[in-house]
Amino acid sequence: MIDDNALTGLIVDRLPDAEVRIHDRTGTMDHFNVTVRSQAFKGKTLIEQHQLVYRALKGALADGRVHAVELTTIIAES
Amino acid sequence: MPEDLKEEIAREVASTRIVIYGKGTKAAPRCGFTLETVEFFNGLGYPFEVIDVLENLPKREALSEMTDWPTLPKVFINGKFYGDTDILQPMAASGELKATLEEAFGGAAPEPKATINLR
Numbered sequence: 000m001i002d003d004n005a006l007t008g009l010i011v012d013r014l015p016d017a018e019v020r021i022h023d024r025t026g027t028m029d030h031f032n033v034t035v036r037s038q039a040f041k042g043k044t045l046i047e048q049h050q051l052v053y054r055a056l057k058g059a060l061a062d063g064r065v066h067a068v069e070l071t072t073i074i075a076e077s
Numbered sequence: 000m001p002e003d004l005k006e007e008i009a010r011e012v013a014s015t016r017i018v019i020y021g022k023g024t025k026a027a028p029r030c031g032f033t034l035e036t037v038e039f040f041n042g043l044g045y046p047f048e049v050i051d052v053l054e055n056l057p058k059r060e061a062l063s064e065m066t067d068w069p070t071l072p073k074v075f076i077n078g079k080f081y082g083d084t085d086i087l088q089p090m091a092a093s094g095e096l097k098a099t100l101e102e103a104f105g106g107a108a109p110e111p112k113a114t115i116n117l118r
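Top line first, the protein sequences correspond to chains A and B.
Here the first sequence is numbered in numbering that gives the first Met the number 0, starting from 0 and rising by one per residue.
Here the second sequence is numbered in numbering that gives the first Met the number 0, starting from 0 and rising by one per residue.
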């Protein structure tokens with residue numbers, strides 16, 4: 000389990016400009032819809048964009064705080 | 000990460016053009032996302048293999064390490080990692096996937112199996 004602020008913090012640590020939207024899909028605080036908007040995605044393929052976010056969440060996924068993420072990435076233009 | 004597992008994975012993704020690491024088998028997927036991915040590739044018409052890693056935790060960890068991707072299924076085409084249907088669906092919509100597969104297989108997908116005509 001992880002709360003929205005902690006989850007957002009993990010992503011912003013890696014991607015400081017990121018705007019993060021989180022939706023707890025199941026009410027159990029471990030299955031999330033996560034939308035991340037960042038300039039860091041510019042020039043990257045979709046898979047590379049997702050890998051950037053997954054790297055930020057690596058620890059939380061490995062220790063089970065987060066079970067599942069449905070991820071959407073948006074390239075911030077400015 | 001155990002080197003033998005890494006080598007095993009490298010060998011598998013090099014020997015088959017489309018490899019899906021998932022939970023369960025092609026005939027009997029044991030996870031909704033693996034099923035979705037199998038159906039996705041069934042619809043494309045190219046041959047593919049599903050490697051069941053549900054019970055093989057060390058191999059799942061090795062795969063996650065190698066790809067920076069935490070979840071199953073994981074799809075490899077021509078040895079290159081393509082994530083899952085969240086990546087492949089948009090690639091299919093943009094035409095990128097068709098080009099990738101035609102390059103991997105050296106041509107278009109075989110025609111879908113002919114339907115049986117009853118007289």
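I should point out that these hints are in silico values taken from the structure, not numbers from a laboratory.
Worth double-checking, as some hints may not be accurate.
Computed beta-carbon distance windows for the label pairs [unchecked claim]:
id	chain 1	residue 1	chain 2	residue 2	range
1	B	E54	A	H30	21 to 27 Å
2	B	C30	A	T71	18 to 24 Å
3	A	D16	B	P109	42 to 48 Å
Result set (DSS-like, lysine-lysine): computed pairs, CA atoms no more than 30 Å apart in a straight line [claimed, not checked]:
id	chain 1	residue 1	chain 2	residue 2
4	A	K43	B	K97
5	B	K79	B	K58
6	B	K22	A	K41
7	A	K57	A	K41
8	B	K79	B	K25
9	A	K41	B	K79
10	B	K22	A	K43
11	B	K79	B	K5
12	A	K43	A	K57
13	B	K5	B	K22
14	B	K25	B	K5
15	B	K5	A	K43
16	B	K97	B	K25
17	B	K22	B	K58
18	B	K97	B	K22
19	A	K57	B	K22
20	B	K79	B	K22
21	A	K57	B	K79
22	A	K41	B	K97
23	A	K43	B	K79
24	B	K25	A	K41
25	A	K57	B	K58
26	B	K58	B	K5
27	B	K25	B	K58
28	B	K5	B	K97
29	B	K97	B	K79
30	B	K58	A	K43
Ideal placement from N, C-alpha and C gives every residue a C-beta, glycine not left out.
Outcome of the hint check:
no. : hint                        : in the structure
1   : B:E54 to A:H30: 21 to 27 Å  : 23 Å, holds
2   : B:C30 to A:T71: 18 to 24 Å  : 21 Å, holds
3   : A:D16 to B:P109: 42 to 48 Å : 47 Å, holds
4   : A:K43 to B:K97              : 20 Å, holds
5   : B:K79 to B:K58              : 18 Å, holds
6   : B:K22 to A:K41              : 33 Å, violated
7   : A:K57 to A:K41              : 22 Å, holds
8   : B:K79 to B:K25              : 20 Å, holds
9   : A:K41 to B:K79              : 21 Å, holds
10  : B:K22 to A:K43              : 29 Å, holds
11  : B:K79 to B:K5               : 14 Å, holds
12  : A:K43 to A:K57              : 20 Å, holds
13  : B:K5 to B:K22               : 19 Å, holds
14  : B:K25 to B:K5               : 23 Å, holds
15  : B:K5 to A:K43               : 26 Å, holds
16  : B:K97 to B:K25              : 22 Å, holds
17  : B:K22 to B:K58              : 12 Å, holds
18  : B:K97 to B:K22              : 26 Å, holds
19  : A:K57 to B:K22              : 21 Å, holds
20  : B:K79 to B:K22              : 20 Å, holds
21  : A:K57 to B:K79              : 21 Å, holds
22  : A:K41 to B:K97              : 24 Å, holds
23  : A:K43 to B:K79              : 16 Å, holds
24  : B:K25 to A:K41              : 36 Å, violated
25  : A:K57 to B:K58              : 17 Å, holds
26  : B:K58 to B:K5               : 8 Å, holds
27  : B:K25 to B:K58              : 19 Å, holds
28  : B:K5 to B:K97               : 29 Å, holds
29  : B:K97 to B:K79              : 15 Å, holds
30  : B:K58 to A:K43              : 28 Å, holds
Taken one by one, the earlier hints fail for this structure at numbers 6 and 24, listed in ascending order.
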